[in-house]
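S.K.: Sequences are here, hints too, so could you generate the full structure?
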Amino acid sequence: GNSVTQMEGPVTLSEEAFLTINCTYTATGYPSLFWYVQYPGEGLQLLLKATKADDKGSNKGFEATYRKETTSFHLEKGSVQVSDSAVYFCALSDLYSGGGADGLTFGKGTHLIIQP
Amino acid sequence: DAGVIQSPRHEVTEMGQEVTLRCKPISGHDYLFWYRQTMMRGLELLIYFNNNVPIDDSGMPEDRFSAKMPNASFSTLKIQPSEPRDSAVYFCASSLGAGGYTFGSGTRLTVV
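These protein sequence lines map, in sequence, to chains A and B.
Numbered according to our numbering, the first sequence spans residues 1 to 116.
Numbered according to our numbering, the second sequence spans residues 117 to 228.
Hints are computed from structural coordinates only; laboratory data are not their basis.
Be a bit skeptical, because a hint or two may be false.
Claimed, not checked - Derived DSBU-like pairs: lysine-lysine, alpha-carbon spacing no greater than 35 Å straight-line: (1) A/Lys-60 x A/Lys-108; (2) B/Lys-140 x A/Lys-56; (3) B/Lys-140 x B/Lys-194; (4) A/Lys-108 x B/Lys-184; (5) A/Lys-60 x B/Lys-140; (6) B/Lys-184 x A/Lys-52; (7) A/Lys-52 x A/Lys-77; (8) A/Lys-108 x B/Lys-194; (9) A/Lys-108 x A/Lys-68.
On a predicted model such as this, the values are computed, not experimentally measured, just so you know.
M.R.: As structure tokens, this is what we get:
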């Protein structure tokens, strides 16, 4: 079956530090990959996505590259801000498992804390 | 568009009572998903619908849980009878195909 593994948190960084949150996946078909962000008390918001190998998703200074050879989709940001503090979820959707959308398989989330 | 709308935002109920959670998806979206989020288990897909038809309910934990989608603009998730271990945040999400999933703000359920 499908699965997503992401690094355990919390991850604590100082403002302006470089961020990497690792994510690897297992899928039976040709998945699309996503990063979602959840701020306290809110729902999940799509941060970025990539639909095929070597695609790079980017948004708000965050980026992630779909690496099929290493089955990875690591999230990076060059200089984090206090406002980036949130929980980040890596997820996949296997487009071929049911011929259409089949729901997202999520990692367990990584809590990011940015200190001023 | 107002996004995916869930109600209520918070629900506190006594064990044994029936609980109904509601969701209004984004107009035009053909998929609707119900998720449950807990600290121990993370985000779990409970059930999803395509064009109002339930496609996969294998994530529904037991017979106490049921979900319906009587039309394209409304879905309910019902728990009867509720138990303390059902306490969680329940999210509804909708999508147009596999193009992108939009989540509601969730319903925080507490069963005492």
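S.K.: Now look at each hint and say whether the structure bears it out.
M.R.: Verification of the supplied hints:
A distance of roughly 22 Å separates the Cα atoms of A/Lys-60 and A/Lys-108; the hinted pair therefore holds under the 35 Å criterion. Pair hint B/Lys-140 plus A/Lys-56 holds up; C-alpha atoms about 32 Å apart against a cutoff of 35 Å. For the hint pairing B/Lys-140 with B/Lys-194, the CA-to-CA distance comes to about 15 Å; that is within 35 Å, so the pair holds. The straight-line distance between the Cα atoms of A/Lys-108 and B/Lys-184 is roughly 27 Å, inside the 35 Å bound, and the hint therefore holds.
Of the pairs offered as hints, the one joining A/Lys-60 and B/Lys-140 holds, with about 28 Å between alpha carbons and a cut-off of 35 Å not exceeded. Between B/Lys-184 and A/Lys-52 the CA atoms are separated by roughly 34 Å; this keeps the pair inside 35 Å, and the hint holds. With a CA separation close to 21 Å, the supplied pair A/Lys-52 and A/Lys-77 stays within the 35 Å bound. Between the alpha carbons of A/Lys-108 and B/Lys-194 the distance comes to roughly 25 Å, so the proposed pair stays at or under 35 Å and holds.
Pair hint A/Lys-108 plus A/Lys-68 holds up; C-alpha atoms about 21 Å apart against a cutoff of 35 Å.
Violated hints are absent here; each numbered hint is respected by the structure.
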